[in-house]
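With the hints as extra help, turn the sequences into a complete structure.
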Amino acid sequence: MPPTMSQINDPKIAFAYLRPACVLLTKEPTVTNVETLSIQLKEIHDASLQQLQEYVLFPLRFVLKVPGSKKEKMVQVVAEAMSYILEKTCVQSWDTLHDIFSELCLCLCSPTNPGTPADASEELKSSVLRCLNALLHAAYGDIIFKLYEPIMLPGLGAAISLLLALGEKEKSRDIQSAALKCLQTLVMHCDCTHEHIIPSSDERCSVGSNMASFLPGITTAIARIITGDLRQGHAVTVRAIKVWSRSVGLVMEDAQLQTSNSQKTPPQDLGRIRQLVVQRTPQWLKSTAGKLSVLLKKIISCTSAHRHWRVRLEMVELANHLLATCSQSLKECIGPLLEALVGAINDEEPKVRERCEAALREISQRSLSCRDATSQNFTNVLSENLHSLATSLPRLMRTSDDQKKLFVLNVFLGYLKVLGPLVSVVLNSAAHLERISKALMQVLELDVMDVRIVEERSYADTIETSSDSRDSYSAHVHRKHFLYFTDERIFSVLMEICRTLGYYGNIYLLTDHLLDLYCQSLAYRKQAAMVLNEMIRGAAGIALATQSQRLDSEVQGGSASQEDLKAVVVSIMDEYTSLTNWHLVTVSEETLGDRQDQQLLSPSRLLQISNSDTSSNPANSLHVLASSSASAPPSSSTSTIHQLNSNIWQMCIQLEGIACFAQALGRDFRPLLMTSLYPVLEKAGDETLLVSQAALSSMMDISKACGYASLKELINDNSDYLLNDVSLNLQRLSQHPQAPRVLTVMLAHSDSSLLPLIRDVVQDVLMALDLSYNHSAALFCSVLHALMKALARWFSSSCCRTSNSASSKTSTEQEDFDIRQFLLDYRKQKELAEGIGIEVDDTEDLEVPPPAECDEDLDGPDVKPELPPHLIITKDVMERCIHLLSDPNLRLRLKVLDVLEVCVYVLSERENELLPMAHRSWPALLQRLTADDPLAVLRAFRVLCTLGETCGDFLRARVSKDVLPKLSSSLARQAPISVKAGPVYSHTQAYKLQLAVLQGLGSLCQRLDLGEADLDAVCEACLPYLSCRQPFRLQEACLSVFRHLIQVDPDTFWFTLNELHCPSLYTPPHPDLQPLQLSGMGRSKDEYSDNVLKLLREEFGPESVAASRDGD
Amino acid sequence: MSRPAPTPIYTLRGAGSALNTLHFRCNGEDTPLLFSGSEKGAIHIWNLNSRRTVEVVEAHSGSSVIWVSTLQSAGSLLSQGRDMQVCLWDLREGGGELLDSVWTGSVGFCQCSLLETSSTNHLLAFAGQQTEEIKIIELPSKKPVCTLIPDSKLGMVMCIKLWKPDSGIGPLLLAGYEDGSLLLWDVTQRSVLSQVRAHPEPVMCLTFDPKHLRGISGSSEKNLSSWMLDSQNNIQLRDSVELLNPGVSQLCVREDGRLLASAGWDHRVRIFGWKKLRPLAVLQYHTDMVLSVAFSDHQDSRQRLLAAGSKDQRISLWSIYNEGAETG
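As they're listed, the protein sequences go chains A and B. Per this note's numbering, the first sequence starts with residue 1, numbered consecutively. Per this note's numbering, the second sequence starts with residue 1, numbered consecutively.
No lab work stands behind these hints, which were simulated from the structure alone. We put the beta carbon where it would ideally sit given N, CA and C, even for glycine. There may be inaccurate statements among the hints.
[As the list claims (entries may be wrong)] Once the Cα atoms are required to be at most 25 Å apart in a straight line, the calculated SDA-like pairs of lysine to any residue come out as:
no., chain 1, residue 1, chain 2, residue 2
1, B, Lys211, B, Arg278
2, A, Lys169, A, Ser110
3, B, Lys275, B, Ser319
4, A, Lys712, B, Arg52
5, A, Lys566, B, Lys275
6, B, Lys40, A, Asp764
7, B, Lys40, A, Leu757
8, B, Lys311, A, Asp764
[To be verified] If you want the ones that stay clear, here's a sample from chain B, every Cβ over 12 Å from chain A, calculated:
no., residue
9, Gly28
10, Glu201
11, Asp209
12, Ile235
13, Asp312
Here it is, written out as structure tokens:
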């Protein structure tokens, strides 16, 4: 195409330029001539072309008019040339428009049967359609409407049916689209970029009334296209939907029908054509609307879940267009249309979503802004839809597949969003409220059959190890399992429904109703709590569609003020944490063991102390009602796994609820921590894993919501509230056995800044322990253990000073072992020993630096500075431990030994405090070491080792005097028995005791740094256990003893072992040296050799044994 | 079957030393407050809504605070310490600002007594430098009003109570002395109106109900001695109440004249019906001597609290007999 600059702008020159080609074409209608003309046309400027339009069109139309069979190619090029002209110019004369219109239609239809499309080439059809489209665009405003006069009905009808046939039957998508495009232009709703005539309302009315004749045809045919082959490509479907909606919109437009001229009678002189004219009478409208709604439902069902988003988008447009223009005439269709619209509100495709939200916003505003019958009607439709959907929801949730469920719920949500603030009006109707809440209750029913959740236990350790990383919880947090759906998306839509309800509804009404449900029946309790939780979040505007997208950007949003929210939250929380709802059995009876939890279950307990000051709040009446009407919690004897699971989930949901409330109130939740934090912590110490996890994650949410940087900060800042309840409840332990647990959790998550307050409560704990030590000593021991562990953690820097001095010493020495230096030292020592008379034993002591400085002693006993508080606590605790060490209950003794170990560790900071305590505990500890259950023996060894790190000197004498003789004699006594014992022996008490002693002895010897004589005694007692005839685990334990012994004194035990079995011959490096003679040399393999070799290889390097191979 | 033993609704901790005195201010629109004076000279101001300290005023250079009170009209706080000073603090500007102080010269434990004479003027009675001396001054002018010294030797002044009877005569003052005597003084006449020996031991504390003209005093022994004033302003001894354990630190009658609370050395707070002195309840929580008790002055009687401060460094708050019907 030549550039515009060179186009011919003068009509005269243009005429002269084109004339030869036109004349030639008229004379000889050939393809070449047409093509010549069309090339020349492109050089003419638009304005000139307009003047020459008729002239240039004439030869082309002439070609089409010439009777006889025309070549397809010919028609095609002519149509193309005409399209070009029409696209560049306007048609001003009606005759031209009319004639060309008919001529083009003739080109499309088959010569024999004018109703059906010709069997022509696709190119031809495509170019003719393009030409037709161009013609309709080119027509002047005053003449185009003539096309829609009654007189034109037959011609127009023929054209429309042709186009429909092309759109429906044609194979090529392009032609289908083009035909539909033409139709769209015909119904005056072209969406191309050209300028279009905007009809006046009268004109629209007349066009509408004449098109009414074709509406049935158009809508049915197009509906067939839309619902037809899925493979036809989205472009055709989109186009078809457009045509459908525009033509319906044109004919059924409310604006037209409300004016009187829509029903004016047509002129009389039409003859047979009159039969074609349709009068849009009320009856006609009614029947048409009925038929249309049938078609519409078909279309919606086919497209609302269409795979291509453009189709879904177009459906939104359709619904929007029809709702905007024809909501009066198409009353029956409003329901389906709204459903289609709201169904798309959660579309995957953001464009659809945005469009849909915009449409809904318009609609809700329209319905809000005009308070006339229309909007009333609209609200009614919506609320009826909502009601019927709520009614069918449970059934649908049971029967349909996940995709369908999701869609249905999206529709539900959509209704709520469209209703917006009107939701609260709708909910004022008891029937609606009842229906909707029941539907939610049924849909949200949990599947509580999972056995694992009852079995999973959390022990104190898990709380501590993973105290700060959120991920570690969420990683193994159980998802809720619902009876009626599995898809996570469904759950999130349901939750959004709840939030939306809370956001728009009257929060007091909803809360009252749901709390009623919560109290009424066990079956609804969990669901009601779930709904309440989300509702409160919604009421605070949390996690609703992001702020900008809200449907009511201008309308006042959430109905609840912060004050309302707070009041509601307080009442719900009272309900949640009331005794009957908070202290549920989550542990089956057999595992409950000796706990006192059962006592809690009797419903007639005192109200929890934290609740007693809420007398002024409005929920109290409700509260009373709740506790009286709630069915008594299941007694533990009858509780099945099912019930336990259900209880566990209810606990979790309520805990989540408290987190939700905190989120809803933000920092305003802080005052409520006074009453809510304690119950949560109570559950954080629960034995059921799921519950304690839920409580911990709830705690984290709370700390985040209230603006605390961490869990630690949350607990530290509110420790006064917590400790208040802890201290009060410690005094009434029979009613509140969880108080120690709360303390345990606090200790696990806090730091030393808690100490001043804790100190106070520890006194309470100890007092409570002293008072009730038969019943709850076990419970308290776990608190004391937690306390001591916390103290050890908080003050580890001051304790650890002494802890690694002993263990690291030996290993470093070995590394820089220098034989020359050794010999020099040895000689020096020897000289010293001979010359000055120091005992030989002392050589060992000199190597060891004294384990702790004794500076404290210099202060003297009179000026005793006050101990730091943590040491005072430790001493107090240790005092109790000493008493409890000889408790008849083994489990308790074990626990006490654990506590004692940590006590010793913490107290090791002050040797002169530790020693008296150690002295006092010695008799009881000795009993544990020498005459107790193997388990206790083992732990007692651990205590002893810890003790040995600090006060080795103190212990050494006692151990060698009291402990070692007994132990070694018993070991020696048992050794011949266990050698001969059969496999059953490993189940006997004697065996376990042997094992425990052997396992503990090694490290004890090493820690205490025992003297040679004692080591010899130990060695003596243990040697028999090196025999391969001993039970395997005893051998293992014995090996460990020797490993420790070798650490203490490698040379001695190398010698001892080699005495027993020496694998290699040692030839002296110099002939002057005496040859080495070891009694184990040359001895044949016996029962000991395996273990001896193993030890030598491991501890003294492979060469010590490798030599034996050479020797053999 | 009696109801289960009541428990405190809350305990305030963190005062860090024994709590000698308590004072409520809950009748205004503002946040309800509780003031406590500690042995280490700190005055804690507790917010009863959040149950936390709003502020700590370090007063009397670390010596024990034995009495705190607030002036009705202005936002100011009076405190008496064992450094022989009575101090006036401004509470409005974040508190802690010392406005004024009066030197008392008393080394004893006798708490001051305050009487509002008009919206701006107050009378303050306190023990003076000499053994039996009681001084009365006017506030805020600090002008001495009078000095009351009995003729006989009665020992130190232990406790005083200043009030203005409805009959219209000038303010009267009740004083308990070390030898167990109880004296009624006419402040304007500076004369003793009546004198009885209420206890064999020093009078540790007394409280007086001007509405019923009845009072009660406690000592270091087991008996609480109750008495009343007849129309001639004579003190007449009435029944005495025997306690289980000896020693009372403080006595307090609730504003509505229905309850009497005693702070016992036996770690317990005992509640009596004021009318017949019928024992109603024993509040057991503290682990050391209870040093002070106070009833709150909430306008809504249902919110009324009882506070007890103890040597165990805690304050316990109780909500008891608030329903009205159960007062017996």
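Checklist entry - Quick one, are Lys211(B) and Arg278(B) close enough, alpha carbons at most 25 Å? => result Satisfied, since the Cα-Cα distance of roughly 19 Å is no more than 25 Å.
Checklist entry - Holds or violated: Lys311(B) with Asp764(A), Cα cutoff 25 Å? => result holds, 15 Å
Next on the checklist: According to the definition I'm using, a residue is off the interface if its beta carbon is farther than 12 Å from all beta carbons of the partner; does Asp209(B) meet that for chain A?
Outcome noted: Since the minimum Cβ distance to chain A is about 28 Å, Asp209(B) lies beyond 12 Å and the statement holds.
Checklist entry - With d taken as the least Cβ-Cβ distance between Glu201(B) and chain A, does d exceed 12 Å? => result holds, 31 Å
Checklist entry - Lys40(B) and Asp764(A): Cα distance at most 25 Å? => result This hinted pair holds, its Cα atoms lying about 23 Å apart.
Item to check | Closest CB of chain A to the CB of Asp312(B) still more than 12 Å away | outcome: Violated: least Cβ distance 8 Å, not greater than 12 Å.
Checklist entry - Quick one, are Lys712(A) and Arg52(B) close enough, alpha carbons at most 25 Å? => result holds, 19 Å
Item to check | Lys40(B) paired with Leu757(A) [C-alpha distance capped at 25 Å] | outcome: holds, 18 Å
Checklist entry - Does the alpha-carbon distance linking Lys169(A) and Ser110(A) stay inside the 25 Å limit? => result Roughly 14 Å separates the two Cα atoms, so the pair holds.
Item to check | Satisfaction of hint between Ser319(B) and Lys275(B), Cα-Cα up to 25 Å | outcome: Holds, at roughly 20 Å.
Next on the checklist: Checking one constraint from the list: CA of Lys566(A) to CA of Lys275(B), max 25 Å. Satisfied?
Outcome noted: Measuring from Cα to Cα gives roughly 42 Å; hence the hint is violated.
Checklist entry - With d taken as the least Cβ-Cβ distance between Gly28(B) and chain A, does d exceed 12 Å? => result holds, 18 Å
Hints 5, 13, counting from the list given before, are not met by this structure.
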